[in-house]
Amino acid sequence: MMRFLQWLHRWTSLIIIIQVLLWIISGFYFSLSGHHEMSGHQYHQMDHSHAPLASSRALDWPQIANQFSGISGVDLRTVGEVPQYVVTHDDGVSYLNATTGELWSTSEAMAASLALATYSGPGAIESVTPLTEGSSEVNGWREPGYRVDIRDDLNTRIYVDAASGTVIEHRNTPWLLADWAFKLHFMDYSGERNFNHLLIVSAGVVTLWFTLSGLILLGRNLARGDMNPRRKQTYLEFYQAQQQPIASACGGGGTCGLCKVRFRGLVPSPTKNDRAMLTESDLNDGLRLSCQHRVSKGHEVDIAATDARQIKLKLVHNRVLTPSIHELTFLPQTESDFNYQAGQFMQFLIPCRTGNDAVVLHRNYSFATAPGQPELTFTVRKMPAPNTSCEPGLGSTYLCSMKTGDTIDAIGPMGDFLLNNEAANERRQVFIGGGAGIAPLRALIQAELESAQSNRSIQFFYGARNKSELCYYDDFMALQSEERLQYHPVLSEQDDHWRGLSGFVHEIAQAWIQTQDVQSLDVYVCGPPAMLAATQSMLRAIGVPQEHIRYDDFGI
Amino acid sequence: MAVKIASSRWRVWHRWLALIVGLQMVVWSISGAYMVFFKLPFIHGDHLVHQHDAVIQHANHVAPFNDVLKAYPEASQIQLTSQWLNHQWQPVYRISHHGMAEIVDAQSLAVVELSQSDVQAIAEKIYALGEQPASQVQWLTENPPSELNPDHLPVWRVDFDDFGSTSLYFSPSTGELVTKRHTFWRGFDIMWMLHIMDYEERVDIESWLLRGFIIANFIFLITGAVLLVYTLRKPKPSLKTTTEGSA
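Protein sequences, first through last, are from chains U and S. Following UniProt numbering, the numbering of the first sequence begins with 1 at its first residue and continues without gaps. Following UniProt numbering, the numbering of the second sequence begins with 1 at its first residue and continues without gaps.
Next comes chain S alone, as it looks inside the complex (with noise of 0.2 Å):
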């Protein structure tokens, strides 16, 4: 105790990088191991939906593409795919135009409206954590909750009651899935904030606070790798672990 120990000047200031930055290590630690410990396709909801490829169905009574293109002469792009409708696969041509999409029946080539029933029933039926109805089915025009993308309104939201909460959201024009949330997904959503600390947005990862921590947790890090090299080249604990007797 009589000299003072070298070492100890380092560990002042690892304690006090530890207090001022350290405790944004601890949350990179806790937040990282979130995101690596829950594998990507389960946070994406993957697991939520079944992958339906329906073969088209009535085939021969399905009109020709140039019958599409006749009665939508500015689309830019048409596809023929199926459509869960009125208990059964339909098939339907998904028309572009515009930047903007809409569904028609691919023999009368009607418009097809979908009502809130309708898109009810295409959630149940491709939700795929067991049979069980929707516990809640909302029409989103505006304020959009922080999980959706404003970009996707107006949008159907169809909720689950099951272990994840889990909610499905539909375009109204096409009735496609646009986007699966759950509680993983929002806990990945928080982690990720957290992460890159942009509290706000959650997508800004060039600010000068998150960058002054980094650097700043890299001088913490020095500070404590030449700790280490102190107590590894020591060839003994420090004095006060010591105590022998007096004889």
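Isolated chain U, as found in the complex (with noise of 0.2 Å):
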């Protein structure tokens, strides 16, 4: 809903954003100028002589009435000094001199003194012009009349109808300016000032979506905090700015779990999400997420992970192992001493430039072989773009581009995905992973194999789309040949030419586990979200204990 009213905030804004800006210059014009200034009457006076009507007629009722037919009004007043009736008829509107009975005209001299009547500035008269047309300056005067021009410092000009002697308007310069103020402000460019055509009414919607969409986001803002100047950072932000070894997959969103800290003395108290990720030993032992927590004085608190540290790594080998994934072997540049624990993960730091700003995105990645060799492999899913408006992965891409000899800086190791090896533990050990989930398992089984000690049976069921995306699959089925592993490849899609199992990784590991003691295995599982879900209902369902099990999370 938010991302939603981001995305119309920045669009409606991109629509309207100039005409927003005219109307507030527009709006300024107006507020500087004030109602009189625009009015064009700055040197406009009205007749409030009252003068008396003059009685020498030629011409009076009823004799008006046989002029005209249908007549609905009468009326006689004074225009200059000379007496005029004004009669509306069917027909329209006559205006007639009422001393001669003749139909009224207004010569140049006489709109010249008519004009003069009705101004009140310094200026005399500089010209007379006759117009046939009106005027494009007063909006529905298209009558014959004259332009009376005054030299004065607005350049003043009076407007005289020809047919009933009436000054129409003052024109100066001022109104020119406020004339164009009014054209942007409602979007009418005809001259007329009517602001209900359609092309205002969209300006409206649209401005409407965009300040509400605002409104709202600002609510958002104010209610999560944003604004208060004293917020602190929380330690995950704390640790991030000051380059610290510490682990985030959702970005502080409090659902992958990897930013534990323990804090020492005064601990605060479990927020849900730390009751979600955190066992209640962990809680009690003082770990807590530290997205969730905000830095602050009275606090004691160490990265849980202490082995972890900033490290440089050269690419000495991009190959792609799958359609989607690919395969990246680095080896440490600046630490000859760099360890790790198999089922462990290093944290990325991957530059990048949206726009003009440097941000560095943190991505994990879990090693994808035991420890013991030199090299540091890893496999990395390209991310599509989930749909055509937005990139793929940058995070990815990035990796997946890298060319041998190119480096990168790295954190950790971090993470607690690791083998379960409790005294005298003889379960059976058995994995679950789909796709990407690849590496960590891995890690897990050639640690397992190479254990001297143990001597644990391997169950290692892997889900993938098709044939092409099974990960290392000649690699398993040739230990699997050695029976030094059960090895149970599924593939979801259908496929005429495979022969193993179809369908769901966790449908076929219920299948087998169904048939054993719930009690004498230790489960491990990786993979994308959605199966890593339904694998824990799934062990949940058939009452594996939850200390037999391990998850890694992608974190999302």
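Mixed in with the good hints, there may be bad ones.
Label-pair ranges, simulated between beta-carbon atoms [unchecked claim]:
no., chain 1, residue 1, chain 2, residue 2, range
1, U, LEU222, S, TYR199, 18 to 28 Å
2, U, LEU103, S, ALA59, 13 to 23 Å
3, S, GLU124, U, PRO52, 30 to 40 Å
Selected chain U positions facing chain S (in silico; Cβ < 10 Å) [what the hints assert, rightly or not]:
no., residue
4, SER13
5, ILE71
6, VAL74
7, THR88
8, LEU208
9, MET227
Think of the hints as simulated: they come from the structure by calculation, not from any bench. All figures in this text were calculated on a predicted structure; none of them were measured in a lab. All residues carry an ideal CB built from backbone N, CA and C; glycine is no exception.
Got two chains here, each in a separate frame; can you build the complex from them with the hints?
Rendered as structure tokens:
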């Protein structure tokens, strides 16, 4: 929802920002000028004399009634100093000179004096121009008349209607500027100052979405405390800023459970996410997720994983393992005594430019081999773009396009997805994995096979979409033929040439586990989120003890 | 996260300006949208009354203008028109003198005094939203409602019990319709008040309160524009939205 609002706010702003700017500028112009300044009436004076009508008339009612049909009103008034009848009838409005009884006519000289009578400024008449079709400066007036130009500081011009002798309007330079401001403000460039047309209604709709989405986003920021100036960093943000080795796959969402720290002395009460990701004994030991707690003076905090440090890795081999997974092999550059345990991972620091900003992305990848070799091997799944409007994963794209000799920084080792090597553990070792989850399981299986003192039997259930996505298929088939483990590859897509197992890997594993004593198994699980969740609920349902299950979360 | 993002400073400014002055931008957009969405003639209430151009009746019995002028030598303007009186359109002269106006019968030139029921009859005659009697007729001499310009006092107010709570205001001396008000006009008036930020008189557009908010919103808009440029040039949403697996 909030992502949609951000998207909406961004795109509506892109559409409407120029017009909003014009509204602000023209609105500011209105506010600076004021009504009077914009009216064109700075030098306009009204006739408040209430001079009595002249009494000499050649024409009167009912003769007027004989000249027109369907009269609805007759108005006797004074124009200049001459009485005038305004007759409203079926065919429109007629103006008559009451003194002569003729149709009214306005001469240039008369127009000039009528105009001057409404003018209170310092200027004198410069020119009188006859007009045949009114003026574009007077909206709706398209009749013959005169333009009387006055020589003054405002360039005043006065429009006089010829048929009626009426002074139509005063116009001047400030009015012209204001008219442009109105055009911009009302988006009506015809000069009619109409603000109910389709264009501005559409603009109003877009603007409403724009401002209301902004309002809701602001409310969200306030509710989250983003704007509290005294808000402290979380410990995760703190350690990441300090370049300290701390793992996080979900970026501070409290859902990956990797960013564990240990509080001593004063321990903050666990949050909902703490409880979801940590066991009761972890919580009692003072372990918390560092993304859930904010830096405070009263705390004494240690990063739980103490072996981890930042090292530089040089790529020595980059090969395509399956259509979607690359195998990357690195040599540590800065440390000769680098050590890790099977099942652990490194956090890669991936440089990334977004616009003008340099950003470092943190991405976690598990070791794909047991320790003991100088090289460090990882498998990286290229994240495809989820849809066309979105680009593929930045981190995986960067890593997969690295060339031999390139270097990258990484922090580690981290993680506690390790073999269950407690004393006198003779339980069968069951590994369940899918897709890119191969790496830590392969390392664990290698370590178990290499272990001199252990002789536990190994079952490996591994699911992939199709045969080409089965990582290290030949290696595991070879181990199976040597009877060192039982390998159960499972394909989820239909394949007529495949003579092995088909379906979901957790269902195949379930069929086998149900034939076993669930107390005599250790289960290790790693794979995509949906597969992991399905496997966890399957194991719970058939009663494998929680303390015998270990899993590695992709952290999404 | 390790490297500070340059756009974040703009974002902080954008958020704080949003809180301090941006809310007025929301008010402007809502009030502006109201004024744009409802057509101005509707707001003015042009649909509330019929335009009556009744032809002058009994033309042969209407007295000439000259007689009116003899009776009112100070008149500055004389209009022959029709007024709804006694259930019919009657010709009347509307006479302006010394800035005042009155009406006289166009045949007898007797002054027409409009009673409350006369005004109510005129209102019901011109009211255009169906045949219905006025719900209330009031005589206002002081303390006008805020929707009425005090210059119009004293005035008759005729209310109709309809969807828009229509009120028609009439001049007591001439029976002319002075102004018309309904719910959407009243809403428009409030929106206008919010738009120009003059919460008392609803006319002053030159206040420094308004000017200050306009300038501040200009700066607010610039911070938003800078953020827009940053976001559009960015090939990918920010760090937190990209989550990839560990494997």
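Quick rundown of the hints versus the structure:
Between LEU222 of chain U and TYR199 of chain S the C-beta distance comes to about 25 Å, which sits within the given range of 18 to 28 Å. At roughly 21 Å, the beta carbons of LEU103 of chain U and ALA59 of chain S sit within the given window of 13 to 23 Å. A C-beta distance of roughly 37 Å is found between GLU124 of chain S and PRO52 of chain U, which places it inside the suggested range of 30 to 40 Å. At its closest, the beta carbon of SER13 of chain U sits 6 Å from a beta carbon of chain S; the interface hint therefore holds under the 10 Å criterion.
Checking ILE71 of chain U against chain S: minimum C-beta separation of about 5 Å stays under 10 Å; hint holds. The restraint placing VAL74 of chain U at the interface with chain S holds, with a minimum CB-CB distance near 4 Å, inside the 10 Å limit. The beta carbon of THR88 of chain U is positioned within 10 Å of a beta carbon in chain S (closest approach about 7 Å), and the interface hint is therefore held. Hint on LEU208 of chain U holds. Least Cβ distance to chain S is approximately 5 Å, under the 10 Å limit.
With a least beta-carbon distance of about 6 Å to chain S, the hint placing MET227 of chain U at the interface is held under the 10 Å criterion.
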